[in-house]
Amino acid sequence: NAGVTQTPKFRVLKTGQSMTLLCAQDMNHEYMYWYRQDPGMGLRLIHYSVGEGTTAKGEVPDGYNVSRLKKQNFLLGLESAAPSQTSVYFCASGVNSPLHFGNGTRLTVT
Amino acid sequence: AQSVTQPDIHITVSEGASLELRCNYSYGATPYLFWYVQSPGQGLQLLLKYFSGDTLVQGIKGFEAEFKRSQSSFNLRKPSVHWSDAAEYFCAVGSYSGGGADGLTFGKGTHLIIQP
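For the protein sequence lines, the chains are A and B, in the order given.
Residues in the first sequence are numbered from 20 upward in steps of one, following my numbering.
Residues in the second sequence are numbered from 3 upward in steps of one, following my numbering.
Hint data in this document are derived by calculation from the structure and do not stem from the laboratory.
Don't take every hint at face value.
[As the list claims (entries may be wrong)] Covered by chain B, according to a simulated footprint, are these stretches of chain A (three or more residues, beta-carbon under 8 Å): (1) 55-62; (2) 66-80; (3) 114-127.
[What the hints assert, rightly or not] Simulated crosslink set (DSSO-like; lysine-lysine; CA at most 30 Å straight-line): (4) A:Lys28 with B:Lys110; (5) A:Lys33 with B:Lys70; (6) B:Lys70 with B:Lys110; (7) A:Lys76 with B:Lys110.
[Claimed, not checked] The following label-pair restraints were derived from C-beta to C-beta distances: (8) B:Thr14 with A:Pro27: 43 to 51 Å; (9) A:Gln36 with B:Arg79: 43 to 51 Å; (10) B:Ile115 with A:Ser86: 20 to 28 Å; (11) A:Glu78 with B:Glu22: 25 to 33 Å; (12) A:Lys33 with B:Gln47: 43 to 51 Å; (13) B:Ala31 with A:Lys76: 27 to 35 Å; (14) A:Lys89 with B:Gln117: 43 to 51 Å; (15) B:Thr14 with A:Pro80: 32 to 40 Å; (16) B:Glu17 with A:Val31: 37 to 45 Å; (17) A:Glu78 with B:Gln60: 25 to 33 Å.
We treat Cβ as the ideally placed atom computed from N, Cα and C, and that holds for glycine.
Let's have the full structure, built from the sequences with the hints guiding it.
What follows is the structure, encoded as structure tokens:
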């Protein structure tokens with residue numbers, strides 16, 4: 020029972036590079052979320068999805084895009100990475116709220 | 003806009019002592035309240051949630067929380083802490099109607115230190 024799996028676990032990017040973070044859940048959850056966690060800031064919602072094919076903006080969506088082509092996967096993309104996007108990114112899923120979290124992706128943008 | 007305040011950034015408690023972590027929220031309607039715990043290098047684990055009904059909620063690992071509407075609070079308690087409880091604790095609030103479906107608003111966390 021994997022739960023919520025995030026890949027990769029670590030990544031270093033140069034400014035301007037692009038990348039995609041993958042979140043996969045095996046619990047058949049409708050709702051999936053992407054958060055970023057910064058020291059002293061708690062978690063802030065980037066984007067979320069209430070079902071396959073749907074996405075919506077959260078509190079801090081600028082500089083990120085998402086896609087939910089399959090129910091079990093929620094992708095977070097950075098088209099042109101900036102140092103301000105250095106953070107730990109968490110994916111979460113749930114029946115109707117973020118109840119299960121992945122272990123995070125630590126991203127550094129230099 | 004909804005918000006969550008965790009007044010204590012750090013709390014130090016002796017092993018075996020009781021614990022209370024404070025959480026105050028600001029929300030215009032009936033809130034949907036959560037407590038999560040995060041160990042170093044890990045994701046968040048749900049401890050308990052309040053949706054409706056009994057205002058005293060029991061969670062995992064011996065934790066409980068009490069919803070007090072008059073004080074806009076949802077404090078987390080444990081009668082006797084163990085060294086393994088050392089972690090970061092987050093309170094969060096979501097919309098009752100959506101059950102938190104539009105994502106929760108998190109507090110900035112309280113870092114719990116356990117003294118031997």
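So, going through the hints one by one against the coordinates:
| no. | hint | in the structure |
| --- | --- | --- |
| 1 | 55-62 | holds (count 4) |
| 2 | 66-80 | holds (count 5) |
| 3 | 114-127 | holds (count 9) |
| 4 | A:Lys28 with B:Lys110 | 23 Å, holds |
| 5 | A:Lys33 with B:Lys70 | 48 Å, violated |
| 6 | B:Lys70 with B:Lys110 | 20 Å, holds |
| 7 | A:Lys76 with B:Lys110 | 21 Å, holds |
| 8 | B:Thr14 with A:Pro27: 43 to 51 Å | 35 Å, violated |
| 9 | A:Gln36 with B:Arg79: 43 to 51 Å | 46 Å, holds |
| 10 | B:Ile115 with A:Ser86: 20 to 28 Å | 41 Å, violated |
| 11 | A:Glu78 with B:Glu22: 25 to 33 Å | 29 Å, holds |
| 12 | A:Lys33 with B:Gln47: 43 to 51 Å | 34 Å, violated |
| 13 | B:Ala31 with A:Lys76: 27 to 35 Å | 21 Å, violated |
| 14 | A:Lys89 with B:Gln117: 43 to 51 Å | 48 Å, holds |
| 15 | B:Thr14 with A:Pro80: 32 to 40 Å | 37 Å, holds |
| 16 | B:Glu17 with A:Val31: 37 to 45 Å | 39 Å, holds |
| 17 | A:Glu78 with B:Gln60: 25 to 33 Å | 31 Å, holds |
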